[in-house]
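For the protein sequence lines, the chains are A and B, in the order given. When the first sequence is numbered by our numbering, its final residue is 239 and no position is left out of the sequence of numbers. When the second sequence is numbered by our numbering, its final residue is 645 and no position is left out of the sequence of numbers.
Worth flagging that the hints you see were computed from the coordinates, not collected in a lab. Cβ coordinates follow ideal geometry from the N, Cα and C atoms, glycine included. Careful: at least some of the hints might be erroneous.
Cross-link-like lysine-lysine pairs, in silico, DSSO-like; alpha carbons within 27 Å at most [unchecked claim]:
id : chain 1 : residue 1 : chain 2 : residue 2
1  : A       : Lys80     : B       : Lys290
2  : B       : Lys89     : A       : Lys85
3  : A       : Lys85     : B       : Lys290
4  : A       : Lys136    : B       : Lys78
5  : A       : Lys85     : B       : Lys108
6  : A       : Lys170    : B       : Lys552
7  : B       : Lys38     : A       : Lys80
8  : B       : Lys631    : B       : Lys574
9  : A       : Lys136    : B       : Lys47
10 : B       : Lys574    : A       : Lys80
11 : B       : Lys631    : A       : Lys80
12 : B       : Lys53     : A       : Lys85
So the derived label-pair ranges between C-beta atoms look like this [claimed, not checked]:
id : chain 1 : residue 1 : chain 2 : residue 2 : range
13 : A       : Ile153    : B       : Thr40     : 34 to 42 Å
14 : A       : Thr144    : B       : Gly117    : 20 to 28 Å
15 : A       : Glu197    : B       : Glu527    : 14 to 22 Å
16 : B       : Glu125    : A       : Thr144    : 57 to 65 Å
17 : A       : Asp113    : B       : Thr113    : 53 to 61 Å
18 : B       : Thr542    : A       : Ala214    : 33 to 41 Å
19 : B       : Glu580    : A       : Asp113    : 33 to 41 Å
20 : B       : Gly117    : A       : Leu125    : 29 to 37 Å
21 : B       : Asn498    : A       : Phe152    : 54 to 62 Å
If you want a taste of the chain A side facing chain B, the calculated C-beta under 7 Å gives, among others [as the list claims (entries may be wrong)]:
id : residue
22 : Leu84
23 : Val104
24 : Tyr105
25 : Asn107
26 : Asn158
27 : Phe192
28 : Ala214
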Amino acid sequence: MRYWNKFCASQVSKVGRCGLAFALLMSSFGCSRLKDSSEIKAAGNRVGEFKGIFATNRIIVTRLFKAGELKFDLTRYLGGDASLIELLGVYSNIGPLNDFRNGTPNSLNMLLWNMALSGLSKDIAESCGTQQIVIEKFIRIDYNPHFADRLGALCKEPVIDFKNEESLLNFWWAVQGFDAPREEYVAWRDFFMSPQSPYAKASSKEVINAMLKTMFLNPYFLLEH
Amino acid sequence: MIFSLRNSFWVLAALISFTSCTRSESRIKNTDPEFWAKRAWLEKASRAIRFGDGVSPSEDVDSLMSKSKEQIIDLFMQDKRFIDTVVDFNLFYLGLKDKSFFYTMPDGARTYIGVELSPHAFTAARAVWEGKDYFSIFDMNQPFYLQYGLDSISAEKNPTNKPEREYRLEALNQSLLETDSLLDFIKSAKDHQGADRKVFCEEAGKKLNSISDAIDRSGVPFQIRDRFTGFGFSKQLIFGCFVDPSSLHFEAILKEVLVYKERLFKLKDILDFPGVVTPPKVQNPLEIVAIKDGAFGIPDDDVFFTDQTWVLLPNSSTNYNRKRAAYVLKNYFCDDLTPINVALPSMHTGNKHASDPSCASCHYKMDPMAGFFKNIGIIGNDFENTNVLVFDDGATFKNEALNTYLSAWLAPTEAGRKWNVGYIRSATDSSRNSYGESLRDLVTIIKNSSEVKQCLTKRMTEYFLGKDQVYDTEWVNSLAQRFEQAKANPNTGDSSQAFKEITKSLLLSNTFVRADPEKNQCYDFAPGHENSTLPCEISYLIKKNCVQCHSSNGAAGGLDLSSWKTQGNGETNFSYLDAAGLQHSKKSTFGKLLESLSTADESKLMPLGMFMSPNDRAQIYKWVSREATSISGGRP
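My request is simple: use the sequences and hints to build the entire structure.
Written out as structure tokens, the structure is:
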């Protein structure tokens, strides 16, 4: 950069702000309550805020994909608009220094999380029978053997073995880890293992899609706690 | 019959259950709450120490789970991802945490853009890993972290296909010739003082760009060029031309350009520096090439902030560096400038805004702190010993205006020091304050201050456990003691050990284990903590500053601050009795407390005749304000 021009260059960019003010209750079903939104607001700390797009992306990579994977980017499911990451919980040092922005769930950012994680769930479900996910038809990312094994165990018909929950438990641990207390798992398991479940007779891909979506949108997965 | 069938069913169910359990380890784990709890802690600790990475499926989880939590933390701290975590924390502490402090190339190599924001954060993180001094985070003498190699030379640039080094050298020599040309031009202008300065500036600008273009052709990236030749070489010229051509001082410009030429000449050595010719692929902050201690014969620059940080904290001809002062107070001293009236010495009062007690509540600390930056102008350029000061808003002070500006920090003659510049703890007792003049003095104050060690620990608590969660101050201060002890041994790496030990204490704390903690509840206390009915947020501070006079043994003014309980009138309150022995209402009690904490009348300010640190006062005041607001139904 030229000296003469450097002096004139503006180095501060502006950050978009989300002006929406109302929070949306998290949409997963069958789960025990973390805290309702008003309590989260009253607390005012990072507890109850999103872990953020970078942390969540990292967690997904660690649990699902091969070590050192760099290609996976959750925001691909948001139409490739990189500026949307600003709405999904990020640190920013512009303006008032060191601020975590858009960490509180609201209708807009929940819509975006829902879009991104629904897209991911669908792509994983579609990958049944393979060892890799295919995103946007051309990005192929290998699963780690542990997750591929857990996923493979469910990619069969019928997906639910009503006498044995082991494959379900292992799938939960592989995706959800231990972020959520056991009660969350029990509620999730009972929903899918119930003969009255709307997924009782669904195809394995449909069930896996729903299982993943409910795990990803679980408050314990998305929020600090 | 029914009874028999039912019994058979349960026997069968128990058998199935037993045989299943022996078959499946995961089933046993599934129902073991201790397993779930420790595994959850393991995951959380891994993410906290290893820069957001949880336990990978390829790790031996069973082996990890068989270790104690202390052993697991030690093990995780030997993982190089811990250095990234320390960098990340350091940036958080300095208020400079952004989306990411590096970007990753497709081959996995990283470019740590954060070094351009704060080399301090990286130096201190490396120190933690190498067992050196963590307090180097405060040092001004920082190495230059080399993030960029030489730019490649395209065939279009080099059509005759000269050997690359020769081509680069020629370009640098050309930049030296262009510098000679600029020198001649300035000399000639100096001899013709009546020359049109606008015309001069236009021509000088062209020559500067020619120098810059020649260096660009050499492939030396501008980050290296700026660091080793100094962007400020032509400060007089650039600022003078852009802001006020009449202020151009040709002698000073000539001097600067001559220094620049000498540095540019030495810059040629960089063409043979291995880290520049073949930059290493970096994957963690330890691997970044650090150039220091007068490399290329060029003295180290003092770095309090980098250019990027100065831009985040602009000064202006009206804010008098107060934005920078507020930054330092907030980030290094954890003083968020809670506006509490302050008692002022009579000699300072006048009709100025900053002398009004409510305004002075911030200004008595902020203005002297701003004085450390009094000579620092646009993008952090030091204008000391010049007769001009250019601000980030483009305004320029010189001569009389400059003297008036600087006089804002002149100390009264009876003070025994030239400047009223420093870290102020008391507006009335200067012996409690730490005074200085320059940024170097500020660094010394920061390094020696107990408040800074406590603040650093508080920020670690917020980073690892959660921001805005209530913590017992005595507990946080007890952790900070480890930093206090390390202060005495700056060369032993004790401060790095202290950093690790405090981190470990935080990860072993009850707050860390607690999922979904209540914001207003403390989960950890200092050793020897005595149970108290007071809210934990302020119990230690009230015990430390107030209970000496206001306890059940001697409730001065009828106010007992040692006990917080449901009083006879049904309100949860301190015991505060009127002359007739009747309990005051909570509203009346808290009104009195607010007044006593923030009166500008020194004869009524509590604690009476004793010193209470500004941070303690602010913390108690904020709690009392919140309680008072809640009584009045949300109205302040």
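Here's how the hints hold up against the structure:
1. With a C-alpha separation of about 21 Å, the suggested pairing of Lys80 (chain A) with Lys290 (chain B) holds against the 27 Å cut-off.
2. With a C-alpha separation of about 22 Å, the suggested pairing of Lys89 (chain B) with Lys85 (chain A) holds against the 27 Å cut-off.
3. Using a Cα cut-off of 27 Å, the hinted pair Lys85 (chain A) and Lys290 (chain B) holds, with the two alpha carbons roughly 19 Å apart.
4. This hinted pair does not check out: Lys136 (chain A) and Lys78 (chain B) have alpha carbons roughly 38 Å apart, beyond 27 Å.
5. Restraint check for Lys85 (chain A) and Lys108 (chain B): the C-alpha separation of about 18 Å stays at or below 27 Å, so the hint holds.
6. A C-alpha spacing of about 65 Å is found between Lys170 (chain A) and Lys552 (chain B), which places the hinted pair above 27 Å, so the restraint is violated.
7. Using a Cα cut-off of 27 Å, the hinted pair Lys38 (chain B) and Lys80 (chain A) holds, with the two alpha carbons roughly 26 Å apart.
8. Between Lys631 (chain B) and Lys574 (chain B), the direct Cα distance comes to roughly 20 Å. Compliance with the 27 Å bound is thereby established for this hinted pair.
9. This hinted pair does not check out: Lys136 (chain A) and Lys47 (chain B) have alpha carbons roughly 32 Å apart, beyond 27 Å.
10. The straight-line distance between the Cα atoms of Lys574 (chain B) and Lys80 (chain A) is roughly 57 Å, outside the 27 Å bound, and the hint therefore fails.
11. The straight-line distance between the Cα atoms of Lys631 (chain B) and Lys80 (chain A) is roughly 49 Å, outside the 27 Å bound, and the hint therefore fails.
12. At roughly 25 Å between alpha-carbon atoms, Lys53 (chain B) and Lys85 (chain A) fall within 27 Å of each other, so this suggested pair holds.
13. Separation of Ile153 (chain A) from Thr40 (chain B) is about 40 Å and conforms to the stated range, judged on CB atoms against 34 to 42 Å.
14. A hinted range of 20 to 28 Å holds for the C-beta pair Thr144 (chain A) and Gly117 (chain B), which are about 25 Å apart.
15. Separation of Glu197 (chain A) from Glu527 (chain B) is about 19 Å and conforms to the stated range, judged on CB atoms against 14 to 22 Å.
16. A C-beta distance of roughly 43 Å is found between Glu125 (chain B) and Thr144 (chain A), which places it outside the suggested range of 57 to 65 Å.
17. Against the hinted window of 53 to 61 Å, the Cβ-Cβ separation of Asp113 (chain A) and Thr113 (chain B) comes to about 24 Å, which falls outside the hint.
18. The hint said 33 to 41 Å for the Cβ distance between Thr542 (chain B) and Ala214 (chain A), and at roughly 55 Å that hint is violated.
19. In this structure the hint that Glu580 (chain B) and Asp113 (chain A) lie 33 to 41 Å apart at CB holds, the actual value being about 37 Å.
20. For the pair Gly117 (chain B) and Leu125 (chain A), the supplied restraint of 29 to 37 Å holds, since their beta-carbon distance comes to about 33 Å.
21. At about 57 Å, the beta-carbon gap between Asn498 (chain B) and Phe152 (chain A) stays in the expected band of 54 to 62 Å.
22. Contact between Leu84 (chain A) and chain B, as hinted, is supported at the beta carbon level, the nearest pair being about 6 Å apart and thus within 7 Å.
23. For Val104 (chain A), the suggested interface contact is upheld, since its CB lies about 5 Å from the closest CB of chain B, less than 7 Å.
24. A least Cβ separation of about 5 Å between Tyr105 (chain A) and chain B falls short of the 7 Å threshold, and the interface hint therefore holds.
25. The interface hint given for Asn107 (chain A) holds, since its Cβ lies 5 Å from the closest Cβ of chain B, which is under the 7 Å cut-off.
26. Annotation: Asn158 (chain A) was flagged as interfacial toward chain B, and the flag holds, the nearest CB pair being 5 Å apart, inside 7 Å.
27. Taking 7 Å as the C-beta contact cut-off toward chain B, the hint placing Phe192 (chain A) at the interface holds, the least distance being around 4 Å.
28. The interface hint given for Ala214 (chain A) is violated, since its Cβ lies 22 Å from the closest Cβ of chain B, which is over the 7 Å cut-off.
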